[in-house]
Amino acid sequence: MANDQSLVAISFSDSFRATEFLTVASRLAADGHLLVRDAVYLVKDADGKTYVKETTDLETAEAALSGALWASLLGLVLGGPVGLLVGGGIGAGAGALTAKAVDIGVSDELISQLREAAQPSTTTLILLVSHIDEEPLLSELRRFEGAQLVYGDLPEHALDRVRAALSGETGPG
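Under our numbering, the sequence shown has 104 at position 104, and the numbering climbs by one with no breaks.
Derived from the structure by calculation, the hints contain no laboratory data.
One or more of the hints may lead you astray.
[Said to hold, decoys possible] Now the in silico label distances, taken between C-beta atoms and shown as ranges:
1. Q5 with E116: 22 to 32 angstroms
2. D160 with K49: 27 to 37 angstroms
3. G168 with D14: 13 to 23 angstroms
[What the hints assert, rightly or not] Below 25 angstroms or equal to it, Euclidean Cα-Cα: the simulated SDA-like pairs (lysine to any residue) are:
4. K53 with D153
5. K53 with L28
6. K53 with L110
7. K53 with V36
8. K49 with L28
9. K53 with G168
10. K53 with Y41
11. K53 with Y151
12. K53 with A29
13. K53 with E169
14. K53 with G152
15. K49 with Q5
16. K49 with D31
17. K53 with S130
18. K53 with E135
19. K53 with V24
20. K49 with S107
21. K49 with Q113
22. K53 with S13
23. K53 with A117
24. K49 with L35
25. K49 with G146
26. K49 with Q119
27. K49 with E20
28. K53 with F12
29. K49 with S15
30. K49 with I111
31. K49 with L7
32. K49 with E116
33. K49 with S121
34. K53 with G146
In this text, a Cβ means the ideal position worked out from N, Cα and C, and glycines have one as well.
Using the sequences and the hints, build the whole thing.
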């Protein structure tokens, strides 16, 4: 699978399995097998009502930290200790707002489409990922037999391998 950003949405029968898979994806990221750019939970209850829970937007946190550091440094040089504190606060806010304005995570349009497509009593995990090391990911996906791939913009052969892993098939795919 490519290093380009890809969106994948996998539906689970309960929120615990969805959370477990996000934990697995985070571990794969920590081990260098995947880069998770954003993650969103879409929960549809038995009555058909949907709830969206965005996880921490990693890009926004990075932008806020970067803005705080640069503004603190500039504030320290220009205004001493008071400038350090004021500059840090202003820089963090400006960095976070800039990242949110650019909105590089999962689009609201996709979330809206998936709200309609989601089945009742399911939790769908929507992931924006890149730098995918295919084999470790497929190996982990096999543990989530019964989950359904509901959206993916990966190449068709990669989507077929994901579907096969979620159906419990072993082998090269």
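Right, here's what the structure says about each hint:
| no. | hint | in the structure |
| --- | --- | --- |
| 1 | Q5 with E116: 22 to 32 angstroms | 24 angstroms, holds |
| 2 | D160 with K49: 27 to 37 angstroms | 33 angstroms, holds |
| 3 | G168 with D14: 13 to 23 angstroms | 18 angstroms, holds |
| 4 | K53 with D153 | 22 angstroms, holds |
| 5 | K53 with L28 | 22 angstroms, holds |
| 6 | K53 with L110 | 14 angstroms, holds |
| 7 | K53 with V36 | 16 angstroms, holds |
| 8 | K49 with L28 | 32 angstroms, violated |
| 9 | K53 with G168 | 28 angstroms, violated |
| 10 | K53 with Y41 | 5 angstroms, holds |
| 11 | K53 with Y151 | 18 angstroms, holds |
| 12 | K53 with A29 | 21 angstroms, holds |
| 13 | K53 with E169 | 31 angstroms, violated |
| 14 | K53 with G152 | 19 angstroms, holds |
| 15 | K49 with Q5 | 30 angstroms, violated |
| 16 | K49 with D31 | 36 angstroms, violated |
| 17 | K53 with S130 | 21 angstroms, holds |
| 18 | K53 with E135 | 29 angstroms, violated |
| 19 | K53 with V24 | 18 angstroms, holds |
| 20 | K49 with S107 | 20 angstroms, holds |
| 21 | K49 with Q113 | 14 angstroms, holds |
| 22 | K53 with S13 | 17 angstroms, holds |
| 23 | K53 with A117 | 17 angstroms, holds |
| 24 | K49 with L35 | 31 angstroms, violated |
| 25 | K49 with G146 | 23 angstroms, holds |
| 26 | K49 with Q119 | 10 angstroms, holds |
| 27 | K49 with E20 | 23 angstroms, holds |
| 28 | K53 with F12 | 15 angstroms, holds |
| 29 | K49 with S15 | 15 angstroms, holds |
| 30 | K49 with I111 | 14 angstroms, holds |
| 31 | K49 with L7 | 23 angstroms, holds |
| 32 | K49 with E116 | 10 angstroms, holds |
| 33 | K49 with S121 | 9 angstroms, holds |
| 34 | K53 with G146 | 23 angstroms, holds |
Checked against the numbered hints listed earlier, the structure breaks hints 8, 9, 13, 15, 16, 18, 24; every other hint is satisfied.
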